[in-house]
Amino acid sequence: MSLKQEPEQALKTPGQAGEVALPDFKRRRRRFNYTPFLLLLPATLFLAIFFLYPMLQSFIIAFQDSQGGFTFDNIDTMVKDTNFGDALKYTLLFIVIIVPLQVVLALIMALVINTGLKWAGFFLYIWTIPLAISDLAAGIVWYSIFTNHGYINQILIQLGLTQTPIDFLSFENPTLVFVAVVIAELWRATAIVMVILVAGLQVIPRAYTEAAEVFGASPWQRLWHVTLPMLKPSLQVALILRTILAFQTFALVFALAGRIMPVLAGEAYKWYNDVRNVGVAATYALLILLLSLANTFIYLRFLNTKAEELA
Amino acid sequence: MAQIRLENIIKLFGKVAAVNNVSLTINDGEFMVLLGPSGCGKTTLLRCLAGLEIPDGGNIFISDQNVTEFSPRRRNIAMVFQNYAIFPHLTVYDNIGFGLKMKKFSKADIEKNVKRAATLLEVDKYLERHPAQLSGGQRQRVAVARAIAMNPAVLLMDEPLSNLDALLRMQMRAELKRLLQEIGATTVYVTHDQVEALSMGDRISVMKSGQIAQVDDPMKVYTDPANTFVGGFIGSPPMNFLVGEVVQSEGGLAVEIEGQRLPAPANLARMAGQKVTVGLRAENIEAGEVKDGPGLPTQVMVVEPLGSHLLLTTRIGGQSLKVVTPVDYPVSPDQPLWLRPDLNKLRWLDAQSGTLLNLN
Ligand SMILES: Nc1ncnc2c1ncn2[C@@H]1O[C@H](COP(=O)(O)OP(=O)(O)O)[C@@H](O)[C@H]1O
Ligand SMILES: [Mg+2]
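As you go down the protein sequences, you meet chains A and B in turn. Quick note: the first sequence uses the numbering used here, first residue 741, plus one each step. Quick note: the second sequence uses the numbering used here, first residue 14, plus one each step.
Keep in mind the hints are simulated off the structure, nothing from the lab. None of the values given here were measured: they were computed from a predicted structure. A couple of the hints might just be wrong.
[What the hints assert, rightly or not] Across the chosen pairs, the derived CB separations fall in these ranges: (1) B/Asn96 <-> A/Leu841: 32 to 40 Å; (2) A/Trp927 <-> B/Asn96: 51 to 59 Å; (3) A/Leu845 <-> B/Asp69: 34 to 42 Å; (4) B/Asp69 <-> A/Phe772: 26 to 34 Å; (5) B/Asp122 <-> A/Tyr774: 51 to 59 Å; (6) B/Asp122 <-> A/Ala1034: 41 to 49 Å; (7) B/Lys117 <-> A/Ile815: 14 to 22 Å; (8) A/Leu832 <-> B/Asn164: 26 to 34 Å; (9) A/Gly825 <-> B/Asp122: 30 to 38 Å; (10) A/Leu841 <-> B/Lys190: 33 to 41 Å; (11) A/Arg946 <-> B/Pro310: 57 to 65 Å; (12) A/Thr784 <-> B/Asp122: 51 to 59 Å; (13) B/Lys190 <-> A/Thr784: 53 to 61 Å; (14) B/Ser222 <-> A/Phe772: 52 to 60 Å.
[Said to hold, decoys possible] Quick partial rundown of chain B residues pointing at chain A, CB under 10 Å, derived from the structure: (15) Arg60; (16) Ile67; (17) Gly71; (18) Arg88; (19) Ala98; (20) Pro101; (21) His102; (22) Tyr106; (23) Phe111; (24) Leu140; (25) Ala145; (26) Ser148; (27) Gly149; (28) Ala156; (29) Leu359.
Just so it is clear, CB atoms sit at the ideal spot from N, CA and C, and this is done for glycine as well.
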């Protein structure tokens, strides 16, 4: 039966004066479209098998004792562990410091690339090189820079600024260790934020910044009143991604700082691999998950772009 | 006094001159239309004027100040963009007040000007909405209101009506004209629509391939096109052009078109024996059945009823000629028709270059 005939039928339906004969709405409903769901299926299956299932499993393990009964012991062990406080502190501190730094740096880099000046494209390639290096490799590279016989100390000695090598990565100097980790991570992972922001900047039509310019906006005003608000969706994605990844930072810290600077992900690894206590390791993993979720929620909530604000 | 003076403006894109040596003076408070086919360089010229492009040659003066290398925000201009470019993340109120806010006006001043501009353009009911919640026509009004709120000395508009449907366009055309008369800003208005140009402009600059073909008031551009390009671009139907030869005959000077002679003005004498192009508008030709007075024997090819009149396409020899007649004029294809042009309204152009002959 074709849809086209229905209005005619409706008109033919006898009705009293002023009464409009309505067509049968049920039959007119649009056919359900399965295509988007079919397209989503492979990704959904992948995520369910490799992410959702292990996540549920670790959730169960975290609350399971050796006999398979329910317990809070793992949480108790985790919280009372001497490293727990430091790990939590360092992880949060690391995130609070590195995420804003990276976003600001990445924004500056993205704006430079988006100027469209002659060398802008060249910078894009240079700045994304660290993305191709694994985090462990990056950690080792920076270790060879900061260590006692590393490049920095050699330069300092050559310049006569110091006689004995400075111990950047020692227990005595946790602040220096922390700074070294932050620098290494800035070098390694700022580019991913930059790439997201460059993509975001490129879809902002030039007409908007031109209009702002014509209407008297200075470069700062253009950035603040036009570019940043229109970049908000990309900033949101970058922040979520970057923060989640920062919660998982491990290999780089491990290579550079060893046990001097414990972080949550590192503790999970330690409890799994060294202590061989799967329960506590799973509890750490669960904590990281909860913190990431809470964070994502906050970003979604406070950086939300309403539908009517989109072009 | 916001007079605009363009001196020998050149703008190159690669090797292509989008604007090729344009000089133009726009008087204070004047409504100047830049008219021309798509790609002739209207937008580029307007962007040079706005400061969004820096010309490769020439100078731009606004109020006798050389602003050629000034950034847009130092020029005291406002602009309505073709695609409006109103900010999607700002409300209508903030969009209209954007320029004033950037120039650090007080909140009270901003409010006063936003309200005034919004009322003028009848968008005062939508001040809290975002552009996505407006229709195309309403967005267009917001774009104009944003420009007007600035009380600019110079107002630039790039095809502001081209994204509207025909009916809305006609309505906005009249409204804009009234509004701009009220404001009195020096306005440069870009369009490819000759009806808009004729109906709105104080003067029209017709552009072709990056150059200005003619600058005149609308009626002058219509009746006395500087060349066949202008005559063929302006008017619906465009001006008719017939090629003939200037000859001496017993009754004085004449032009012979496809073997038929029409009297020609005496000051065309120096063209005797040469080819000439005769320009004549469709509405200045009278159609008749019988051969009375000087005219041209033609054959009707096409009859197009256009509601208010008939548009006839006729043929004389190998050349075609368009004529309008009243709707009730009895005519059918293939019939012969005697066309009597208003001899005072014939225009004489060079057959080679197509430019208007100077008959003085
Ligand atoms: N940014 C640009 N880069 C290269 N060529 C351009 C650019 N802008 C315009 N042009 C060219 O310049 C000519 C004039 O363009 P434009 O001023 O936009 O014409 P109009 O507004 O009259 O349609 C066209 O041939 C166009 O292709
Ligand atoms: Mg254009």
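Return the numbers of the hints above that this structure violates; sort them in rising order. 2, 4, 7, 8, 9, 10, 16, 17, 22, 24, 26, 27, 29
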